[in-house]
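Chains as they are written, first to last, in my numbering: chain D, 1 to 384; chain P, 385 to 660.
No lab work stands behind these hints: they were computed from the structure. It cannot be assumed that every hint is accurate.
[Stated by the list, open to error] Reference listing, derived: stretches of chain D covered by chain P, where coverage requires no fewer than 3 residues with Cβ under 8 Å from a Cβ of chain P:
(1) 99-113
(2) 247-258
[Said to hold, decoys possible] Ranges of calculated distance between the beta carbons of each label pair, as one might list FRET restraints:
(3) 72(D) x 641(P): 37 to 45 Å
(4) 504(P) x 122(D): 53 to 61 Å
(5) 390(P) x 144(D): 32 to 40 Å
(6) 157(D) x 390(P): 33 to 41 Å
C-beta: ideal position from N, C-alpha, C; glycine also.
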Amino acid sequence: MPTNRRPPAGITLRGIVKRYGPATVLDGIDLDIAPGEFLTLVGPSGCGKSTLLRTIAGFEPQDEGQVRIGDRVVDRLPPAERDVAMVFQSYALYPHMTVAGNIATPLEMRRLSLAERLPLLRLASPRRPRIRREIMAEVEAVARQLDILPLLARKPAQLSGGQRQRVALGRAMVRDPAAFLMDEPLSNLDARLRVQMRTELAELHKRLGATFVYVTHDQVEAMTMSDRVALMEAGRILQLGTPAALYDTPASISVARFIGSPPINLLPAEARADGAIMTEGLRLHAHGALPAGRVTLGLRPEALELAPPETPGTLPVSLRRAENLGAEWLLHAVTPGGTDLVARVPATAPVPERFSLAIDPARLHLFGADGQRLVTRLGLRVPA
Amino acid sequence: MRRRGLLGALLSHAVLLAGAVLMAAPFLWMLLTSIRPPEEVFGTVFNLIPTRFAGYENYRVALVESNLPRALLNGAIVCLGILAVQLLFAIPSAYALAKLKFRGREWLFGLVLFGLCVPIQVPALPLYLGLAQAGLLDSFFALMAPFFLTVFGMFLFRQFFRSYPDEVLDAARLDGMGEFEIVWRLAAPAALPAIAAFSIFSIVAHWNDLYWPLIVVTSAERSVPSLAILAFRDSETGGNYGALMAAAAITTAPLIIGFFAARRAFLRGITMTGPR
Numbered sequence: 001m002p003t004n005r006r007p008p009a010g011i012t013l014r015g016i017v018k019r020y021g022p023a024t025v026l027d028g029i030d031l032d033i034a035p036g037e038f039l040t041l042v043g044p045s046g047c048g049k050s051t052l053l054r055t056i057a058g059f060e061p062q063d064e065g066q067v068r069i070g071d072r073v074v075d076r077l078p079p080a081e082r083d084v085a086m087v088f089q090s091y092a093l094y095p096h097m098t099v100a101g102n103i104a105t106p107l108e109m110r111r112l113s114l115a116e117r118l119p120l121l122r123l124a125s126p127r128r129p130r131i132r133r134e135i136m137a138e139v140e141a142v143a144r145q146l147d148i149l150p151l152l153a154r155k156p157a158q159l160s161g162g163q164r165q166r167v168a169l170g171r172a173m174v175r176d177p178a179a180f181l182m183d184e185p186l187s188n189l190d191a192r193l194r195v196q197m198r199t200e201l202a203e204l205h206k207r208l209g210a211t212f213v214y215v216t217h218d219q220v221e222a223m224t225m226s227d228r229v230a231l232m233e234a235g236r237i238l239q240l241g242t243p244a245a246l247y248d249t250p251a252s253i254s255v256a257r258f259i260g261s262p263p264i265n266l267l268p269a270e271a272r273a274d275g276a277i278m279t280e281g282l283r284l285h286a287h288g289a290l291p292a293g294r295v296t297l298g299l300r301p302e303a304l305e306l307a308p309p310e311t312p313g314t315l316p317v318s319l320r321r322a323e324n325l326g327a328e329w330l331l332h333a334v335t336p337g338g339t340d341l342v343a344r345v346p347a348t349a350p351v352p353e354r355f356s357l358a359i360d361p362a363r364l365h366l367f368g369a370d371g372q373r374l375v376t377r378l379g380l381r382v383p384a
Numbered sequence: 385m386r387r388r389g390l391l392g393a394l395l396s397h398a399v400l401l402a403g404a405v406l407m408a409a410p411f412l413w414m415l416l417t418s419i420r421p422p423e424e425v426f427g428t429v430f431n432l433i434p435t436r437f438a439g440y441e442n443y444r445v446a447l448v449e450s451n452l453p454r455a456l457l458n459g460a461i462v463c464l465g466i467l468a469v470q471l472l473f474a475i476p477s478a479y480a481l482a483k484l485k486f487r488g489r490e491w492l493f494g495l496v497l498f499g500l501c502v503p504i505q506v507p508a509l510p511l512y513l514g515l516a517q518a519g520l521l522d523s524f525f526a527l528m529a530p531f532f533l534t535v536f537g538m539f540l541f542r543q544f545f546r547s548y549p550d551e552v553l554d555a556a557r558l559d560g561m562g563e564f565e566i567v568w569r570l571a572a573p574a575a576l577p578a579i580a581a582f583s584i585f586s587i588v589a590h591w592n593d594l595y596w597p598l599i600v601v602t603s604a605e606r607s608v609p610s611l612a613i614l615a616f617r618d619s620e621t622g623g624n625y626g627a628l629m630a631a632a633a634i635t636t637a638p639l640i641i642g643f644f645a646a647r648r649a650f651l652r653g654i655t656m657t658g659p660r
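Isolated chain P, as found in the complex:
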């Protein structure tokens, strides 16, 4: 009995370990390449650990000889801007869909579900034309606007709010809170795990997004990290894979740090255990 338990544990850990290695390998490869001297990247002799530490010059090239710092700042502005507006609208909408009784509620929720099925590529062309007509191309607004309303966020928060006890809402109404105050003072704090999970989804998606910036951004001043890496590869340093990987490492670092910081809340949020 005990032997089988041990064997089972070993086996499952071996499978998990293999999965982890498979997942982590590209990241490790990126980090190793980012500190490899250029002659070694395409060298005939392969060393797992670089013979000479070239991290300093690679990262220097990535940060100084490219548009990356500006793009990182732009990326942060865009991602946080999108997230702020998304939460501002999705949380009250989700609360209304979950807890308020009004005509057409089920119908509206059906539309939300329908919206979940529509990828960004579908409305991309009309959105582009609209932004072009309004003369808003190549702006922060153009980068952010299509993502302000998030049906995914509404859906996630609605599921979360549904488990919020009705009696607490009644108590709040009796104490004199209006619905908006209930949303921000009671429902939102209880939904913090869901908000954390959603924030990570949202930031990762828009930080890594290449499709939409490629369409609406033309100038270097409005470039975002994914565009910057693309431009970096095309430009004069094109052959410098060490520097390119350094740029990639810099770009992914905020996400990885963010994930580890909010890991617990993230897991709690997606496993959907309600308040209390």
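So here's chain D without its partners, still in its complex pose:
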């Protein structure tokens, strides 16, 4: 690894539009990625997150807008000249090359001329052996960092999924790029390895201090590794913020639904002109003005608490199923109005046969009829 690594570059996207025929896949994306940031693009499949990454890499040039990496506008540059490295979902290793050959390729492409890469002809180059030695030294340094030094002579087919993943990372790291682009790099790994690689990737990011743009459909990966998360849907960024911001103050129902596991509970409610909000026989009130009409209440599973049955100001529910997660219970219940709820409660005592669910009004989210967050504090009026 070169000790004098270059400072990481930021990435700026302005008004990126991408169309495939009549379909608009990216619909005006503006995004500023800070140097050294770990930014995750997350969203359901087909939301355009992978296309956005491939636009940054230069594989799918945008129809409108501008991509800037560091202080260069790269719109007209081919992928190789954008100074970014990419890790692919399938790892995309060169199948007939050894691990060492795979990691060495980006350096060989840059430092050796075409003639020096040709069979036979390359033997004529006097400087080639020296350059090859330098390259192999760097390859070994990267392999040592990733713990794959003993694998250098193997072919990709002889490696496990986790090992291939590391080789793909090594091939990206050896270039010392301005930014790392990662397209669902963990989704081909089994569950246990995925958790382990999550930690390793986050540590790698910290150690390298490089800019990471990471694409995933898995909100857990997005929440656990990122500095900031951009949640995408239908070619737009719905919300951009820290994982905590997306979790605690979701900008819309879509964001609230996507982030969090188990997903947020949504209760249909009715807002009245006098500021009262009625749901399931409960009466809440908003501090501040609120247009009357249909609204939706969002409750995270941990915002619900067990209460004795028929406590005033609680939701009387019937239990469907209790899942024991060891430290806590997941209680799947249904309200009298027919809405399914999930509550996450500490597994301190056995689950009572009959119970109510108490709501912490400070942790309620309120969404308007258009699905957007309504910024207002809520209170709960308990009948005397």
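The hints should help you fit chain P onto chain D, whose structure is shown.
Chain P in isolation, oriented as in the chain D frame:
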């Protein structure tokens, strides 16, 4: 259950064996005749195994009293020349048809499919006239040129390249490889089974071809094995079937040896299992 399995196995092996005998019989007959003394070939008494081993004189006549050595060399030059140019053009074309996006790609591929339907006899006359006009008849170029572009090869390799993972190509582009380097450093090595299969098809077809050499070759210096055997039969040794069969055996030997050497790759190539 087990009895039926055994019976089925016996039956299928019997059928396969019969097929194998049927296929191999002409070859064995050729080999046996090539070591038979002349008096026994048309003799009234039939022996499966020759009574006297006449292989030495038959093969000597075939190699010394004919144009065969020269023709074998010519055949090798022509076949390898054709194959080299075919691969040089068919592999990049097939890669472009399989993996690059450009206008008219489907149309061009349609032309390739159309080309598959055209036998050599159709363009033979214009090709002959063209070569005659250019004064190129009776040359290696005339023997090889009509086969330089192989739509069959393009089709075969295209089907093979289609299964090559796109992400690997993207990774290569990001690493700085151009499309030609991708073709020869990544796609071609992965297509080795297909290349082996195609090579055998190509070499067998052109080694055995009689039609085209018969049209463009007139001199003994440019003769190829199939022509040499034809000439051998017509010439003074015409009645010597032992020597003729020896010549035929010598001619087929390289193909058979080649097939056995590349058998595994050949089968893998035509069953079309992609890379990995």
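These are the hints, each one checked on the structure:
no., hint, result
1, 99-113, "holds (count 4)"
2, 247-258, "violated (count 0)"
3, 72(D) x 641(P): 37 to 45 Å, "59 Å, violated"
4, 504(P) x 122(D): 53 to 61 Å, "40 Å, violated"
5, 390(P) x 144(D): 32 to 40 Å, "59 Å, violated"
6, 157(D) x 390(P): 33 to 41 Å, "38 Å, holds"
In the structure shown, a violation is registered for the earlier hints numbered 2, 3, 4, 5, in ascending order.
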